[in-house]
Structure formats: structure tokens, C-alpha cells
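**Student:** What follows is the residue order along each chain.
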Amino acid sequence: MENILLIDYGSTFTKVVAVDASESKLLGFASAYTTVDTDVCEGLNSALGELEKQTGKIDFHKRMACSSAAGGLRMVVCGLVPELTAKAATLASMGAGAKIVGLYSYELIEEDITEIAAKKPDILLLTGGTDGGNKKCILHNAEVLAGIPADFPIIVAGNRSTKHDIMQILKNRRTYLCDNVMPSVETLNIEPVKQLIRDIFLERIIHAKGLTDEVTMPTPAAVLAATELLASDIGDLMAIDVGGATTDIYSIADGAPNKSGVIYKGLPEPYAKRTVEGDIGMRYSVHGIVEAAGASKIAKLSELTKEQVTRQVQYLSEHTDSLPTSNEQKALDFALAAMAIETATLRHAGTLEEIFTTSGRALVQTGKDLTEVKTIVMTGGALLKTDKQKELATHALYSDMQPQSLRPMKVNLLIDKYYILAAMGLLCGYAPTTALEILKANMTKG
Amino acid sequence: MEKKKLVLGVIGADVHAVGNKILYHAFTEAGFDVTNLGVMVSQEEFIAAAIETAADAIIVSSLYGHGELDCRGMREKCDESGLEGILMYVGGNIVVGKQPFEDVEKRFKAMGFDRVYGPGTAPETAIEALREDLGK
Numbered sequence: 441m442e443n444i445l446l447i448d449y450g451s452t453f454t455k456v457v458a459v460d461a462s463e464s465k466l467l468g469f470a471s472a473y474t475t476v477d478t479d480v481c482e483g484l485n486s487a488l489g490e491l492e493k494q495t496g497k498i499d500f501h502k503r504m505a506c507s508s509a510a511g512g513l514r515m516v517v518c519g520l521v522p523e524l525t526a527k528a529a530t531l532a533s534m535g536a537g538a539k540i541v542g543l544y545s546y547e548l549i550e551e552d553i554t555e556i557a558a559k560k561p562d563i564l565l566l567t568g569g570t571d572g573g574n575k576k577c578i579l580h581n582a583e584v585l586a587g588i589p590a591d592f593p594i595i596v597a598g599n600r601s602t603k604h605d606i607m608q609i610l611k612n613r614r615t616y617l618c619d620n621v622m623p624s625v626e627t628l629n630i631e632p633v634k635q636l637i638r639d640i641f642l643e644r645i646i647h648a649k650g651l652t653d654e655v656t657m658p659t660p661a662a663v664l665a666a667t668e669l670l671a672s673d674i675g676d677l678m679a680i681d682v683g684g685a686t687t688d689i690y691s692i693a694d695g696a697p698n699k700s701g702v703i704y705k706g707l708p709e710p711y712a713k714r715t716v717e718g719d720i721g722m723r724y725s726v727h728g729i730v731e732a733a734g735a736s737k738i739a740k741l742s743e744l745t746k747e748q749v750t751r752q753v754q755y756l757s758e759h760t761d762s763l764p765t766s767n768e769q770k771a772l773d774f775a776l777a778a779m780a781i782e783t784a785t786l787r788h789a790g791t792l793e794e795i796f797t798t799s800g801r802a803l804v805q806t807g808k809d810l811t812e813v814k815t816i817v818m819t820g821g822a823l824l825k826t827d828k829q830k831e832l833a834t835h836a837l838y839s840d841m842q843p844q845s846l847r848p849m850k851v852n853l854l855i856d857k858y859y860i861l862a863a864m865g866l867l868c869g870y871a872p873t874t875a876l877e878i879l880k881a882n883m884t885k886g
Numbered sequence: 057m058e059k060k061k062l063v064l065g066v067i068g069a070d071v072h073a074v075g076n077k078i079l080y081h082a083f084t085e086a087g088f089d090v091t092n093l094g095v096m097v098s099q100e101e102f103i104a105a106a107i108e109t110a111a112d113a114i115i116v117s118s119l120y121g122h123g124e125l126d127c128r129g130m131r132e133k134c135d136e137s138g139l140e141g142i143l144m145y146v147g148g149n150i151v152v153g154k155q156p157f158e159d160v161e162k163r164f165k166a167m168g169f170d171r172v173y174g175p176g177t178a179p180e181t182a183i184e185a186l187r188e189d190l191g192k
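Note that the protein sequences, when read in sequence, are chains A and B. Everything in the first sequence is counted per this note's numbering, starting at 441 for the first residue and increasing by one. Everything in the second sequence is counted per this note's numbering, starting at 57 for the first residue and increasing by one.
Take the hints with a grain of salt, since some may be wrong.
[Stated by the list, open to error] Capping the alpha-carbon separation at 27 Å, the derived lysine-lysine pairs in DSS-like fashion look like this:
1. 59(B) with 575(A)
2. 576(A) with 59(B)
3. 576(A) with 77(B)
FYI, nobody ran anything at the bench for these hints, they're computed from the structure. Every value quoted in this text rests on a predicted model; they were computed, and no experiment measured them.
Just chain A, same shape as in the assembly (with noise of 0.2 Å):
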């Protein structure tokens, strides 16, 4: 018997999940509010009172935690370009599990400084510039930062020719030096940074955050690492999370271009890709639903008034902790989280855009190419609530509305019925075998 004892602390619920890792066997799991603010502790104590009342007492050999509390891994990201290295701080930050609060590109402004300075980000990625290439953008963003009235830590991943400068300007701060994020015009290089960003998280930011030890990173990085064990075995897949406050998309898959003939543009995307819809959620985001997809669309599919929408949405959007209780609510949420799933999957997906030259049609991609990808899986509160998962799930794969966006075209469904995906990332990086056994048997089909 090896008992293993998986934490996560939530913003809202911190959730245990224990397993007997010696027969890769879940024993039970159970879920608290999470007490940030107090002590951590009392919300793992009483998760953990829960969680004995179905097991009976257990001895752990090992705990591990993860944790999107106090605000998750907050990052502030700058690059130079939009669509190149700040693009490409932007993947490598989400792939590490952060939640973006500030991006910017090109040159700072005396009003972006007060702004980063009053987000308080738990760590700011500097980037611009391929190896060799501009210099200009990034020393002045290092000059401006420099003097900057707050204490967070400063990744430097941008044109390598700068560094020793960079790290002159930046002597009074603590400052990491990484390789650049994007060595040249569209090469992607953001596992050094992801790992770097890891590292600060586990040597400073857990302290400062009140949490305990036992953290070993952010939730949505724990995630991503079980979808990549996962994939490992069965193949492709795409993995949705709604939130109250954010709905998270990740996709395992290369994505490259699958017909002959296809012209790829822009930066190329990472195989095991996050992204991550701030405005896009079920409680605290939901008028960004709202405005992504129209009331009138989220009427139609409620069976509900646009004028009932709208109150309802007001509502929600005041009573983030409200849960859904009539036939209206209920369907109003359905509705919610299918225009979500929706958006944040078309703004996941990559899109193929057909062109007609002087020697024929082209077909253009940008992003992944997802219509071969086998698997969802589906996780949150607001998937796993609900019994209509399968009509949420069309919501997300390739639709003749929107021929242009490569998303799945034909799937089938796991769901996470247990919330154990987060566990099982953290659990991957002990037991790996043990954690995929422990996936495939307590997934279920949907």
C-alpha cells in the first residue's frame, strides 16, 4: 500500500483526491471552500473530514499539491510584434499555467509602468527581438522596467544579443536570464521558459502566496501535464475546462497541416497548447458570453426570452455563487456554457482559409489543424453538473457554420466525473503509469 494524498487548491473549492498508488486505485476524493485568506489548512482539513467519512482513516506515505488560489500564477507578458514574440511569451506563459493580466507590445509608456505596477504580477516575461535581431524595444522596456515601484521577478527571453546589457539595467532586480522565446522569425522556443517559469514558482511564489510546501505548481499546469500522459496513450485530444471566471482549452496535438497542398502562415504552435478565455466564464465572466455570442443565440438555444437572458445574466454576474435550481436557470446555463465552449474553441482552433490565385485555389492555415483529433475530454463544475455534456461537446467541433475553423470533427467523449485531472498531473510526475491507470479507469464515456 502506497496512499497518496492530491491536492488542489482552488480559488473557490479545494479539492483532495487520494489514491493507493501500489494498485493505481482512487480511494476517494472530496471537496472544501477554499480559505486563502485564513489559513489554507481549515479548507484542507475539512475536505480532508469529508474525504474520511467515505474512506475511512487513511495514513498518506506522500502528499501533493496543486493550486490556482489567491489569484493563480499571475504574469504580465511584453514582447515586440503582436503576432511574433509576444505571441510567443503569450504560449509559453499559458503552457506554464499562468493567467495573463497584462500584455503588451513594442515600446512601454510611462502609463503601461503605473499599470504593471499596480497588477502586482507574480512574475513579468520580457521578451522582443529574435537572436541578433531588434535590440532597440527591449533595452528601453528593461530601462523603463528598472525603475518600476514594485517587487516581482523578471524573466528575460528575448534577443540574446541584449542579455548582458539587460542584465546591467536590471542589476537591482531579480532577474532570469532564458533563452529567447522566438530565436528567429517564426521558430517557436518556449519550454526553456515554461520551465523556468516553474522553477520561480516553486522557489518564491508559493511562500509569498500563503501556500504550503507541499505545492509543486500551478493548477492549469498540472492539468495540461495530465492531458499530455493521457494523450500519450490514446492519441490526440482536446481537454475543456469552463470556469466561473475563465473557460481553459487544451489541445495535444501537432496540428501541422493534413492535406497536401496546405501553406502554413505565421508562428507555429506548441503540441500540447493552452489558452485560456479571461472574458469567457459562467459566473464572473458571463457577459462576456454574452458579447462573444449575442443574447439573441443564447435565447434561441435556452428557449428563453432575450429579455429573461439578459435579467438572468445580470443576475449571474452578481450571484457568482449561485447555482442553478429552475428549468429557466438550468437552461440558461446550458446555453452559457455551449456559447462558451464555443468561443473558446473557435479562438483555440486554427483556421483554414481558402484563397483562389492566378495558378488555382490555395489553402491557407494558420493555428492547429484539429479535425483529426479522436478525444474530448471534458472537466469544470459547469460540464460536470450539467447530464446534456454531449450537446455541449458539439459545441465545440467543427460546425458548417464556421467551415473555416479547424476544430474536431468527429469524437468521442471522456468526462472527468471526479475531477481528477489535476490530481493525476501531479500524481504523473511520480507515478506516471499509475496516474494514466488510474485516468482511463475513472473517466467515463460520454
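Given the coordinates of chain A, assemble chain B onto it according to the supplied hints.
**Tutor:** Just chain B now, kept in the frame of chain A:
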């Protein structure tokens, strides 16, 4: 000495890839640091790549006759984007039909291109011009 940096590509809805590859090899062989954007490149993509790489020159190819439309306004966009004075070359089958090359050259120079080359120009011609213009 640091290599001079070029951004190379075929502009517009133009899929002619062969000449682009030849130019890439010729310029690289000649000692330039070339960022090749390939075919179907928009003005904005040329400019974005030139900014990130701090390019010394942008080399635009066009083989399908619509070059004049595709290139219009590119110099102004460079100016707006902080690439004032960047060296810009254009070459290929850049206009429709048979027109006197002097007229074509004049029109493209008026658009802000520093050097204009017609069909059949050898890469060496452009390489020589680059060395001269970039003081190398």
C-alpha cells in the same frame, strides 16, 4: 562583422515557390542572414518580421502580375511602423503584360522601392546591389 539581415518573401496571393527558394539559397550563400517568409506573404508579415529581426532590407518577389497592387502603400506602412529608410527591393514578373521596363521601374520607385528588377534578373545582380547599398 555581423551579417546583414534580409527579409525575403513572395507577396500577395502568389504561390510561386521555386524562385523564392533559389533566392533564399543565393542570398544565404552570399553571406546574408536571410529570414525567408516563403509564399503568400502580406505587407504586414514582411514588416513584422523586419521589426523583430531588425532587418537591413526587405526583398519582395512577385511572379503573378499583381505586384503593383500588392506593393502599393508598403513604404508608407514601413514608415508608420518605425522602419523609416529600410532598404526595399522588388523583382519578378511584377506587372501584367509587356510594358517598357523603364516605366515599370519608375512606378515602383515612386512607390518607394530602392531597386526594381524585371523578369530574368540573376540573383547576383541583386546581391551586388545589396553589397553596394548596405556598404559591405
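**Student:** Now, for every hint given, state plainly whether the structure supports it.
**Tutor:** Hints, one by one, checked against the model:
Of the supplied pair hints, the one linking residue 59(B) and residue 575(A) holds, its CA atoms being roughly 15 Å apart against a limit of 27 Å. A C-alpha spacing of about 18 Å is found between residue 576(A) and residue 59(B), which places the hinted pair at or below 27 Å, so the restraint holds. Among the hinted pairs, residue 576(A) with residue 77(B) is inconsistent with the structure: their alpha-carbon atoms are about 31 Å apart, more than 27 Å.
In summary, the structure is inconsistent with hint 3 from the numbered list given earlier, while agreeing with all the others.
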